[in-house]
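*Asks:* When we follow the UniProt record's numbering, the leftmost residue of the sequence shown carries the number 1, and every step to the right adds one.
No wet-lab data here; the hints were simulated from the structure.
Careful, some of the hints might be misleading.
[As the list claims (entries may be wrong)] Simulated crosslink set (DSSO-like; lysine-lysine; CA at most 27 angstroms straight-line):
(1) Lys512 / Lys451
(2) Lys528 / Lys451
(3) Lys110 / Lys167
(4) Lys426 / Lys528
(5) Lys451 / Lys509
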Amino acid sequence: MKRAGTFLLLLGICLQAATIWAAPPWRILAQKITYFDNNRIIVAEGEVEVYHQDLAIYADRLRYDLLTENIYAYGHLRVRSGEDWIQGQEGIFNVRTATGTIQEAHLFIKKENFHVLARQIRKTGPETYEADQAVITTCDTCRSCPQRPAWSFFARRAKLTAEGYAKGYSVTFRVKDRGFLYSPYVSVATRAHRKTGLLLPRLTGGNRHGFGLEIPFFWAINDSLDLTFFPNYMAKRGLMTGVEFRYAWAKGSKGVFQLAYLNDKLKDDDYNDDGILRENKHRWWLKGKADHRLPRGFMAKLDLDLVSDKDFPLEFRSDPLGYDKAQRMFMEEFGRGIQVDTATIRTSTAQVSGTLGHNFLLGQLTWHDNQNPGGQKTTLQELPLLEWRNLKHPFWGPFYFEARNRYQYFWREEGTKGHRLDLHSKISLPLPTQPYLDVTLAYGLRETLYKVDWDSLENRKSYLDRTLYDLTADISTTILRVFYLQWRGIEKVRHSLRPRLLYTYIPPKDQKDLPYFDGGDRVATTNKITYSLTNFLTIKRETAPRRYAYRDVLRFKVQQSYSFREANRELTSPKDRRRPYSDIYVELEFTPHPKTYFRYDANFSVYGQGTTSANIILRLQDSRGSSLRVDWRRQKSLEVEELNSYLIYSLTPRLSLIFGYKKNLASDERVDTRYGLRYRSQCWQGEVTVLSTPYETRFTFLINLLGIGRFGL
Numbered sequence: 001m002k003r004a005g006t007f008l009l010l011l012g013i014c015l016q017a018a019t020i021w022a023a024p025p026w027r028i029l030a031q032k033i034t035y036f037d038n039n040r041i042i043v044a045e046g047e048v049e050v051y052h053q054d055l056a057i058y059a060d061r062l063r064y065d066l067l068t069e070n071i072y073a074y075g076h077l078r079v080r081s082g083e084d085w086i087q088g089q090e091g092i093f094n095v096r097t098a099t100g101t102i103q104e105a106h107l108f109i110k111k112e113n114f115h116v117l118a119r120q121i122r123k124t125g126p127e128t129y130e131a132d133q134a135v136i137t138t139c140d141t142c143r144s145c146p147q148r149p150a151w152s153f154f155a156r157r158a159k160l161t162a163e164g165y166a167k168g169y170s171v172t173f174r175v176k177d178r179g180f181l182y183s184p185y186v187s188v189a190t191r192a193h194r195k196t197g198l199l200l201p202r203l204t205g206g207n208r209h210g211f212g213l214e215i216p217f218f219w220a221i222n223d224s225l226d227l228t229f230f231p232n233y234m235a236k237r238g239l240m241t242g243v244e245f246r247y248a249w250a251k252g253s254k255g256v257f258q259l260a261y262l263n264d265k266l267k268d269d270d271y272n273d274d275g276i277l278r279e280n281k282h283r284w285w286l287k288g289k290a291d292h293r294l295p296r297g298f299m300a301k302l303d304l305d306l307v308s309d310k311d312f313p314l315e316f317r318s319d320p321l322g323y324d325k326a327q328r329m330f331m332e333e334f335g336r337g338i339q340v341d342t343a344t345i346r347t348s349t350a351q352v353s354g355t356l357g358h359n360f361l362l363g364q365l366t367w368h369d370n371q372n373p374g375g376q377k378t379t380l381q382e383l384p385l386l387e388w389r390n391l392k393h394p395f396w397g398p399f400y401f402e403a404r405n406r407y408q409y410f411w412r413e414e415g416t417k418g419h420r421l422d423l424h425s426k427i428s429l430p431l432p433t434q435p436y437l438d439v440t441l442a443y444g445l446r447e448t449l450y451k452v453d454w455d456s457l458e459n460r461k462s463y464l465d466r467t468l469y470d471l472t473a474d475i476s477t478t479i480l481r482v483f484y485l486q487w488r489g490i491e492k493v494r495h496s497l498r499p500r501l502l503y504t505y506i507p508p509k510d511q512k513d514l515p516y517f518d519g520g521d522r523v524a525t526t527n528k529i530t531y532s533l534t535n536f537l538t539i540k541r542e543t544a545p546r547r548y549a550y551r552d553v554l555r556f557k558v559q560q561s562y563s564f565r566e567a568n569r570e571l572t573s574p575k576d577r578r579r580p581y582s583d584i585y586v587e588l589e590f591t592p593h594p595k596t597y598f599r600y601d602a603n604f605s606v607y608g609q610g611t612t613s614a615n616i617i618l619r620l621q622d623s624r625g626s627s628l629r630v631d632w633r634r635q636k637s638l639e640v641e642e643l644n645s646y647l648i649y650s651l652t653p654r655l656s657l658i659f660g661y662k663k664n665l666a667s668d669e670r671v672d673t674r675y676g677l678r679y680r681s682q683c684w685q686g687e688v689t690v691l692s693t694p695y696e697t698r699f700t701f702l703i704n705l706l707g708i709g710r711f712g713l
C-alpha cells in the first residue's frame, strides 16, 4: 500500500537544506522511503510520485542527494509540468539549477501537439532543451509505436528555445521512414510566436501566368510589428512583388496593409470581355485597414483601397494578397471587408468617431477611385464629412429630442462642387396608451444650406437653402404566447406577433434649383402609411442545471406601403395608371439549429410585374465537417441575377470533396468553377483544387503540416 513520506522528506530538509527549500515544499509519495543520515540521501522506491507546485515526477525508484541537490530517477520515468511532459528510462535532475538529462526520451508539448523523441534530451534551463538524434513531429507517436509518423524532421542535434522554437542541425524531412528533403539548419515554431525567416514556398500554375515560384520572407520587427514579402516570379507575367505590413500596438489598436506590384509583360487581351483594354504595364493594388482607440472612448478607422486598373483584383484574386484571402482576413480582424473584386469604383475612408453623453460625433474623409475610362475627374469626393448626432433623450416633460446635423464638402476635378450643411431635428411624444399599444408622434424640421461652385457659366445662385418638415405617427403592439414543450431539451417556445403602422408625411418642395451631389439633395414628397407584421419564434433550452439559453429560430416579416399622394395623383395620359401600393416585402430567417441558417427576402409587385428583387442565403454544416454555402441574388430593374455556391462534402472522416460554382444567370455565363479534394489526417492536410474561368485555368496543390505551416503549388 502506498504511503506518504512527507515527514521524512521535511526532516531531511530541515536538517540539511533549510534555506534552499524556503519555497513551497516538495512532497514524495512511495511504497518505501528511506533516509540515510551519513551520506545525506533520501531513497524512494515503488510507484514514486514527487510533487512541487505544478511539477510532478513519476518513477519506479528515486534517489535525492541533499549535498549535490541532484535527483536520480530510474524506471518508467515521467516528468509533467502543466499539460506538457517528458518521459524516458532514467534521468538526473538538479533542483537548484532546474536542469537535467533523460535517456531514451520523449518530450510532448500539448499546445501544438508537438513531439520530440531522442536518444537523450537535456534540460538546460527553465524552458530550454537540447536533444541528440531527435525526431520532431506533430503527429501522435511514441517510442514503442510500430508505425512511423506520417511526417517528421530528423535532426542529429536539436534545441528547443525559451521563445518557443525548435532548431535542428543536419535535418532531414521524412515521410514515414523515407527522407525527402535535407537542410543543414531548420527552425520550427512550437508555440504561437513569430520569428524572422523564410516561409514555405508556393508554386503557381495557369495558362495566363505560366509556372512560377513564390518564396515569402517574414520579418518579425518586434512583438508589435512585422513585414512579410511575397516575391512571385511568373514565367508569362514577370516578377510580382508583394508586401504585407501588420501592427498591433494595444488592445483595439491594430492595422494591416497590403501592396502588390507587377510590371506586366502580358499585353491586355480584354481579359473579361468588357470592351475596355488596359494600357498600363505598371500594375498595383494597395489596400488595408486600421483601427485605433483614442482617449475618451473615441475610435479612429482607416479603410484604404486603391488600384491601378479594375482587372487587377480579378486576375490575381486567389493569390496570397488577392481578394479572396484579403476579404476573409479583413472580416475576421476588423469586422468589415473590402468591395467586391468586380467593383469599378473602389472607396477609401478615414474617420474618427465617438460618443459624449447624448452626442455622437463623426469626422470622415471619403475618396472614390473610379476605374471607368474618363470617370475619375467627374467623380465626387467627400472631403470632409462632419456629423453631430444628438441621440434621442428626454428633454422636457414627456417629450423626447434628437437631431442629426451634417456638413459635407463635395469636390471633384471637373464638374459642380460645393458645401452642404444639413440640420435635421426631431421632437417625439410617446402617448400613454400602455400596456396595449405603443404610440409615438414625432415632428421633424430640416434646414439645408448650400454654397455651390457651379460648373456651368449660367447665372446661378451660389448660396441656396431648403426648409422641410416631416410628420410621423408610429403605432405598434406585441402579442405573445408561451407554449410548454419539453422536447429534446427545449422547455418552452414563445411565439411573438408585432403588428405595426407607420404614417409618414413630407410636404412637396421644389428642389430643381439645388445641385445634385447625392440622394440627400432630392427629398421625395411623401404621404404614405406602412403596415407590417413580424413573427418571432424563440426557444428556451436548459444548458445546465438552472442555466438557460434563448435563441430565435424563426423571424418572418411582411410589409407594404400605401401612398395617398399616388392615389390622388393627376393622370398624365389615358394609359397612365395610379399605383399607390408598393411592392410587398417578405423577409424570412430560419435557424432551426446553430449550424443551419436560411434567409430569404423578396419584393413582389401587386401590378403584375412579378418578383422585382429577391435574395437567398443558405448555410449548412454537419458534425462530420461537411458544409454548404449558397447565395442567390436577383434585381429585376438592374437585370442582375447571380448564383454563388460552395460545397465541402465529407466522403469519409478524412477525405472531402470541394466544389464551388459561380454563374451570372442574367447573361447565362459561368463566372468560375472550383473543384478539388481535401485529405485530413491527424497532423497534416492536403488539398488539390482547380479553378476554371472563361479566361484561364489555375491549379493549386497545398499541404498543411499541423503546427508547422503550408507548402503549396
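*Asks:* Each hint should be assessed against the structure and marked as holding or not.
*Replies:* Structure-based check of each hint:
no., hint, result
1, Lys512 / Lys451, "holds, 16 angstroms"
2, Lys528 / Lys451, "violated, 32 angstroms"
3, Lys110 / Lys167, "holds, 18 angstroms"
4, Lys426 / Lys528, "holds, 19 angstroms"
5, Lys451 / Lys509, "holds, 19 angstroms"
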